[in-house]
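> Read off the chains here:
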Amino acid sequence: MTFREAIREAMRQAIKADDRVFLMGEDVGRYGGCFAVSKGLLAEFGPERIRDTPLSESAFVGAGIGAAMGGMRPIVEIMTSNFSLLALDQIMNNAATILHMSGGQFNVPLVIRMATGGGRQLAAQHSHTLEGWYAHIPGIKVLTPATIDDGYGMLLGALKDPDPVLIFENALLYNMEGELSPNAGAAGIDRACIRRRGRDITLITYSMGVWKSLEAAEKLAKKGIEAEVIDLRTLRPLDDGALVESVSRTHRALIIDEGWRSGGISAEISARLMEQAFYELDAPVARLCGAEVPMPYAAHMERAALPQVETITEAVERMMPAHG
Amino acid sequence: MSEPTNVNRAHEMHLLHQMLYIRRFEEKCAELYSREKIRGFMHLYIGEEAVCVGVMEALRPEDGIVSTYREHGHALSRGISGGAVMAEMFGKQEGCSRGRGGSMHLFDAKTRFYGGNAIVGGGLPLSVGFALADKMRQQTRVTCCFFGDGAVAEGEFHETINLSALWKLPVFFVCENNRYAMGTRLDFSHSQTDLSKKAAAYGIASAWVDGMDVRAVEAASATACEYVRAGNGPYFLECRTYRFRAHSMYDPELYREKSEVEEWKKRDPIPALIARIDPAAEEIAALEQQIAKQVDEAIAFAEAGTLEAVDELTRFVYSDRSPA
Numbered sequence: 001m002t003f004r005e006a007i008r009e010a011m012r013q014a015i016k017a018d019d020r021v022f023l024m025g026e027d028v029g030r031y032g033g034c035f036a037v038s039k040g041l042l043a044e045f046g047p048e049r050i051r052d053t054p055l056s057e058s059a060f061v062g063a064g065i066g067a068a069m070g071g072m073r074p075i076v077e078i079m080t081s082n083f084s085l086l087a088l089d090q091i092m093n094n095a096a097t098i099l100h101m102s103g104g105q106f107n108v109p110l111v112i113r114m115a116t117g118g119g120r121q122l123a124a125q126h127s128h129t130l131e132g133w134y135a136h137i138p139g140i141k142v143l144t145p146a147t148i149d150d151g152y153g154m155l156l157g158a159l160k161d162p163d164p165v166l167i168f169e170n171a172l173l174y175n176m177e178g179e180l181s182p183n184a185g186a187a188g189i190d191r192a193c194i195r196r197r198g199r200d201i202t203l204i205t206y207s208m209g210v211w212k213s214l215e216a217a218e219k220l221a222k223k224g225i226e227a228e229v230i231d232l233r234t235l236r237p238l239d240d241g242a243l244v245e246s247v248s249r250t251h252r253a254l255i256i257d258e259g260w261r262s263g264g265i266s267a268e269i270s271a272r273l274m275e276q277a278f279y280e281l282d283a284p285v286a287r288l289c290g291a292e293v294p295m296p297y298a299a300h301m302e303r304a305a306l307p308q309v310e311t312i313t314e315a316v317e318r319m320m321p322a323h324g
Numbered sequence: 001m002s003e004p005t006n007v008n009r010a011h012e013m014h015l016l017h018q019m020l021y022i023r024r025f026e027e028k029c030a031e032l033y034s035r036e037k038i039r040g041f042m043h044l045y046i047g048e049e050a051v052c053v054g055v056m057e058a059l060r061p062e063d064g065i066v067s068t069y070r071e072h073g074h075a076l077s078r079g080i081s082g083g084a085v086m087a088e089m090f091g092k093q094e095g096c097s098r099g100r101g102g103s104m105h106l107f108d109a110k111t112r113f114y115g116g117n118a119i120v121g122g123g124l125p126l127s128v129g130f131a132l133a134d135k136m137r138q139q140t141r142v143t144c145c146f147f148g149d150g151a152v153a154e155g156e157f158h159e160t161i162n163l164s165a166l167w168k169l170p171v172f173f174v175c176e177n178n179r180y181a182m183g184t185r186l187d188f189s190h191s192q193t194d195l196s197k198k199a200a201a202y203g204i205a206s207a208w209v210d211g212m213d214v215r216a217v218e219a220a221s222a223t224a225c226e227y228v229r230a231g232n233g234p235y236f237l238e239c240r241t242y243r244f245r246a247h248s249m250y251d252p253e254l255y256r257e258k259s260e261v262e263e264w265k266k267r268d269p270i271p272a273l274i275a276r277i278d279p280a281a282e283e284i285a286a287l288e289q290q291i292a293k294q295v296d297e298a299i300a301f302a303e304a305g306t307l308e309a310v311d312e313l314t315r316f317v318y319s320d321r322s323p324a
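Chains as they are written, first to last, in the working numbering: chain A, 1 to 324; chain B, 1 to 324.
A hint or two may mislead.
[Stated by the list, open to error] Within a straight-line C-alpha distance of at most 25 Å, the following computed DMTMM-like cross-link-like pairs (lysine to aspartate or glutamate) qualify: (1) Lys266(B) to Asp278(B); (2) Lys160(A) to Asp320(B); (3) Lys223(A) to Glu310(A); (4) Lys168(B) to Glu26(A); (5) Lys168(B) to Asp52(A); (6) Lys28(B) to Glu26(A); (7) Lys28(B) to Glu310(A); (8) Lys135(B) to Asp19(A); (9) Lys135(B) to Glu310(A); (10) Lys135(B) to Glu48(A); (11) Lys110(B) to Glu26(A); (12) Lys168(B) to Glu310(A); (13) Lys37(B) to Glu303(B).
Please keep in mind that the hints were generated in silico from the structure rather than gathered at the bench.
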């Protein structure tokens with residue numbers, strides 16, 4: 001099963017199990033989804049439950065908020081995170097605030113999914129990594145699944161949440177193949193997890209960064225460096241406990257984040273480690289982030305703009321005490 | 001008129017009561033603002049009372065309302081108690097939004113009042129969502145969405161009207177055209193100043209009415225709601241009105257002539273209705289007295305209200321209840 005199919009399967013299960021759940025977004029029906037995530041669902045569930053929308057991000061995200069407040073459990077697909085900016089008013093000024101502004105009277109059980117990330121030569125307007133930026137907003141939850149099980153289980157978990165949840169799916173993961181665990185079900189959406197155990201350094205990352213970091217860790221192991229890889233899974237709320245626990249064992253931390261460095265999620269994680277694990281650290285917390293440029297088109301330039309396996313291993317080696 | 005004279009008169013007295021109550025309530029708000037009992041941004045409804053009072057007559061308890069930041073009149077005529085509204089503006093936890101919202105964010109679950117929204121046009125997409133939820137659950141109720149002439153210039157207006165028309169949703173759009181988007185006159189904002197034509201361009205039923213005549217607004221709203229309730233899709237009603245006071249409490253009104261305001265005051269909906277009913281002087285005095293008491297009670301309720309404990313600060317960012 002692919003990551004894409006895992007998400008589709010979660011939607012299928014949810015739509016089947018609960019008549020309040022429906023999907024809407026641009027090209028989710030007749031086209032089958034821009035990334036084919038919803039392919040086949042229109043034929044299975046019909047146009048009431050799989051709703052093609054006009055190119056009106058603000059209106060259909062706002063409609064999702066209203067429908068959620070009106071008793072439904074909508075899944076809104078925004079084609080990519082780049083276009084989510086056209087709905088930012090609805091996400092930030094309505095979805096994230098209404099529970100609070102209404103003194104707790106109205107919650108917004110809405111799930112918004114969107115593709116995110118660079119690495120496909122789509123240039124500056126189609127390669128944004130905005131999940132860390134969304135994690136700035138109180139009132140929403142920000143999920144970044146990296147595995148088949150999480151693509152499936154975190155979506156089901158999000159649908160059980162009473163509040164608005166944004167799911168960022170790195171488009172490079174859609175074709176990833178793997179097995180869905182036989183016991184897969186709704187997963188927790190507020191805990192990080194360790195994807196690889198290691199004693200020497202903690203690599204803190206999420207989404208595509210998990211796979212790059214795991215590959216880097218294998219290369220480092222050949223050089224005698226055992227890196228632990230933490231998959232954040234969720235950027236808001238951040239699982240501070242898991243980070244502190246790991247760093248308290250490894251005493252070093254490198255954060256790998258495809259988003260821009262300034263004011264990014266990596267800065268937040270670094271600050272929290274400083275606040276909560278300062279005396280556990282044997283070296284300053286380091287960050288490997290996306291370069292601070294609008295994403296270039298040329299392949300070699302784009303490659304240089306994103307963290308890569310070799311830049312991760314280099315960064316780790318710089319942080320380790322000189323051998324011998 | 002087929003209505004018996006005495007029934008008609010009693011009804012008109014009821015309308016007068018509603019309008020005069022809003023007028024006196026708002027006048028008191030201005031006074032309390034000067035005394036710093038109310039802070040923040042506050043937008044008074046004085047001059048526009050005929051619109052909400054006429055519209056509310058056509059709505060039923062099961063209908064929903066999406067409102068604007070000039071919504072004291074909407075809230076009061078919908079039946080939210082003056083005390084709860086005033087306490088909200090006093091920042092007290094007995095307020096209809098626990099003091100988390102203030103003047104621009106009045107919410108009330110009991111009357112399905114989904115908030116004052118302080119982003120111009122921001123409520124429009126929500127109304128489509130409520131109506132979609134109702135349609136999908138086969139509920140024949142109306143979502144009434146208020147907004148101003150300023151909102152008609154926003155993209156969200158056009159996205160929303162199009163989507164509501166496309167999906168034939170039960171929304172009653174009420175455009176309160178008071179001729180100024182804050183300080184920008186209608187003809188400086190709109191290339192087409194007949195706003196009902198803009199809605200009509202999306203293929204929906206659209207009309208305009210004299211918003212200074214409560215009986216005309218009532219009749220037009222009844223027609224609109226009947227149309228929407230019968231499953232014909234959305235209806236747009238432009239109510240041409242005027243605000244007699246400044247945009248907010250910070251507005252020196254540099255953008256319009258006093259003579260223009262005086263001209264419009266000749267069409268004040270309250271004296272117009274009084275002239276139509278032609279009540280005895282004592283009857284009006286008694287009504288004024290009754291309303292003064294209502295307003296005093298609202299203020300007393302707000303004064304007696306309590307401040308929420310500061311350790312509650314971060315409540316209502318997420319739902320208290322754990323995921324289902």
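> State the violated hints by number, sorted upward, taking the hints as numbered earlier in the document.
6, 7, 9, 11 and 12
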